[in-house]
Amino acid sequence: MPMIDIQAVSKWYGPQFQVLKDCTTAVEKGEVVVVCGPSGSGKSTLIKCVNALEPFQSGAIHVDGINLQDPSTNLPKLRARIGMVFQHFELFPHLKITENLCLAQEKVLGRSRDEAMTKAMALLERVGLKDHSHKFPGQLSGGQQQRVAIARALAMDPIAMLFDEPTSALDPEMITEVLDVMVELAREGMTMMVVTHEMGFARKVAHRVIFMDKGEIIEDRPKEEFFGTPRSERAQVFLSKILAH
Amino acid sequence: MTYNWNWGIFWEMSPEATGTYLDMLLMGLRWTIATALLAWVVALFFGSIVGVMRTLPGRTVSIIASAYVEFFRNIPLLVQLFLWYFVLPELLPKTAGMWLKQLPNAPFWTGAIGVGLYMSARIAEQLRAGIKSLPRGQAMAGTALGLTTVQTYRYVLLPMAFRIIMPPLTSEALNTVKNTSVALTIGLMELTARARAMQEFSFQVFEAFTAATILYLLLNAVVVFGMRRLEKSIAVPGYIAGK
Ligand SMILES: Nc1ncnc2c1ncn2[C@@H]1O[C@H](COP(=O)(O)OP(=O)(O)OP(=O)(O)O)[C@@H](O)[C@H]1O
Ligand SMILES: [Mg+2]
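These protein sequences, in sequence, are chains A and B. Here the first sequence is numbered in the numbering used here, starting from 2 and rising by one per residue. Here the second sequence is numbered in the numbering used here, starting from 8 and rising by one per residue.
No wet-lab data here; the hints were simulated from the structure.
For each label pair, taking beta carbons as the anchor points, the in silico distance ranges come out as: (1) V231(B) - D158(A): 43 to 53 Å; (2) I56(B) - T230(A): 56 to 66 Å; (3) G15(A) - T156(B): 20 to 30 Å; (4) K215(A) - I241(B): 44 to 54 Å; (5) A9(A) - P244(B): 42 to 52 Å; (6) H135(A) - T25(B): 48 to 58 Å; (7) V94(B) - G15(A): 37 to 47 Å; (8) I160(A) - T155(B): 13 to 23 Å; (9) E77(B) - I160(A): 45 to 55 Å; (10) K78(A) - T192(B): 53 to 63 Å.
Quick list of in silico lysine-lysine cross-link-like pairs, DSS-like style, CA-CA up to 27 Å: (11) K120(A) - K30(A); (12) K131(A) - K97(A); (13) K136(A) - K239(B); (14) K185(B) - K239(B); (15) K205(A) - K224(A); (16) K139(B) - K239(B); (17) K139(B) - K97(A); (18) K97(A) - K239(B); (19) K205(A) - K242(A).
The beta-carbon is built from N, C-alpha and C at its ideal position, and this holds for glycine as well.
Start from the sequences and build out the full structure, keeping to the hints where you can.
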């Protein structure tokens, strides 16, 4: 049974505009899947559907065997088990780094302050930011903030991690420090669905690459095949564009 | 016109025989402070609820909330106080109406709650703007971590929104203090009412209103000082507004 199972998902904004067209794919436990495609193709929408941040009108998504649209599904509890990392970090600016990491551990998982703090410090150490634990998000660089955001998601002991262009708001010199954390995570066997244009990352750790265009999954293939000979013309054009620079 | 200045008037006994004219004004100041404090609590309480309601996705909720805002901010405060004080008791069942009329300090309760509700509409609008000014991703991040909607507002959105709206909130706090003077029309003996009474008893109109002016200025200076202190103490290190 796949960890994330997306079955024929379609989504409309309003009556006219279909953002997702019959999208079907699956992510196995421990698999790393990179999602790429032109701007506006529906990548963000697709991964937001996976933890029910966006509703969809038809199809089904199962995470760890749980149907998102089953009315008896406790969505907050399910979301707590799926880590999500955003393009603009979305740390809570009024909370210290440690409090950013402890908040949901305490309020959602019911951990004690001590437990949450131990976990937080261990994860900050892991992403190399232990010395910054007492600071506020606004006092960190973009790369540091994004590493904190990853740590915050990991603090919930997620069964899978979703990334929505985690490096595209970063200055070039900060991209590596974030990708390094992600590569390590992938190598430890985390189930990951990553929207990114960092093809270096995809080459290094992805098992599969999904290419989307205009709301459709055009290609969904093992990495070697995708980079070898992407069959669709659209994927080739896209790849040549982003690899050009 | 010859006017007899008499700055010593404040130390003369007032005909109410409860103390000097100064005592009389200070008693008025006390009522002004009490009314403003209760009004501010009411305004913050209802303003926060309605402000949050206006940012929720549900249509019914936000329609109710905007009706509330339009009602309270589009009817003059004076008319609202008259409505609560003179009209409401007549509309209620007899016993409830009587109870309301005979409430001890009825002008105070009506004035404070009336001013509070009027101000709550304005605070709701400020808060709504504050919440809307936060990046959409903030609520999403809270939700993605498994926080419920209530928790997301409580721990993520409201703490930032209130910080952002501190400057307009200070103005609203000052407005609350000033608006309490309208309650004199329903018989609340607050500062302005006392100044008027002093003028009627003693004919020293300039002295009476100069004193009232100074007391209002002092009171609002305290409000501004307090709000600034609060604003500083909750400022977020490294946070740049709008980033
Ligand atoms: N709330 C919304 N209402 C209406 N249309 C929306 C909404 N959110 C997104 N869209 C549209 O849906 C389409 C897909 O958006 P999405 O954000 O998923 O694209 P994306 O592939 O992530 O693009 P990007 O690379 O720019 O992030 C876009 O055309 C966008 O304009
Ligand atoms: Mg996107």
